[in-house]
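Peer 1: Sequence:
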Amino acid sequence: VPQPDVFPEARHELHPGGAQVPVTEDNKVHYIELLCDTRMRGAVSQQVGAMLQGVRSIVPEDVWCQIQRLVTPDELDLLIGGLTAIDVVDWRSNSVAEVEPELWEMFWAVVVNFSEAQQKWLLEFTTGSPAPPVGGFAQLPGYGNIGTVQRFTVMKNLNSTLPVASTCFNTLYLPKYSC
Numbered sequence: 001v002p003q004p005d006v007f008p009e010a011r012h013e014l015h016p017g018g019a020q021v022p023v024t025e026d027n028k029v030h031y032i033e034l035l036c037d038t039r040m041r042g043a044v045s046q047q048v049g050a051m052l053q054g055v056r057s058i059v060p061e062d063v064w065c066q067i068q069r070l071v072t073p074d075e076l077d078l079l080i081g082g083l084t085a086i087d088v089v090d091w092r093s094n095s096v097a098e099v100e101p102e103l104w105e106m107f108w109a110v111v112v113n114f115s116e117a118q119q120k121w122l123l124e125f126t127t128g129s130p131a132p133p134v135g136g137f138a139q140l141p142g143y144g145n146i147g148t149v150q151r152f153t154v155m156k157n158l159n160s161t162l163p164v165a166s167t168c169f170n171t172l173y174l175p176k177y178s179c
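Numbering-wise, the sequence shown is residues 1 to 179 according to the UniProt record's numbering.
Hint data in this document are derived by calculation from the structure and do not stem from the laboratory.
These numbers were taken from a predicted model, which means no experiment stands behind them.
For every residue, glycine included, the Cβ atom is placed at its ideal position computed from N, Cα and C.
Among these hints, one or two may not hold up.
[What the hints assert, rightly or not] Pairs of lysine-lysine, DSSO-like flavour, derived with a Cα cap of 27 Å:
(1) Lys120 - Lys156
(2) Lys120 - Lys176
(3) Lys156 - Lys176
[What the hints assert, rightly or not] Okay, the calculated beta carbon distance ranges per label pair:
(4) Lys28 - Asn113: 46 to 54 Å
(5) Ala109 - Pro60: 43 to 51 Å
(6) Ser178 - Glu98: 16 to 24 Å
(7) Asp90 - Glu25: 54 to 62 Å
(8) Thr167 - Ala97: 17 to 25 Å
Using the sequences and the hints given, assemble the complete structure.
Peer 2: As structure tokens, then:
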């Protein structure tokens, strides 16, 4: 099978000796299964292996076995990746204002009018993650120990005319804006 996206001239056999086996009506389903397996699993097997090795280096084997039994792949994805939708009301109610009330209101008026993609970019710029954690913004993780919660904070930026973020502390520093 050619690998045009990576190496235009490279070929990869789907099984040993497969280059000499013509695809026929009788074996086309098997060919498609091998091709799909190669494209969806085989192409990233090294990366997945490295991730598993990393997880296993910090999660004890007995805990890992329990996770595999108790947590579905979708639940694990949710735990690692967070929620897919951003609830701006939840975000605001679990945030801290260390700016003037006018700037606070102006900030949230802008966030509410952002597209979903822009909201995710703002969240990622400020926290390092484009998605809120499971449990919503009240569970936004902070720097340090696992389980530490660090609320989203908007503070004054006295040193710059551009917004600046401190992702370790989920803090957005805004310069003084005027309407």
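Peer 1: Which constraints among the numbered hints does this structure fail? Numbers only, ascending.
Peer 2: none
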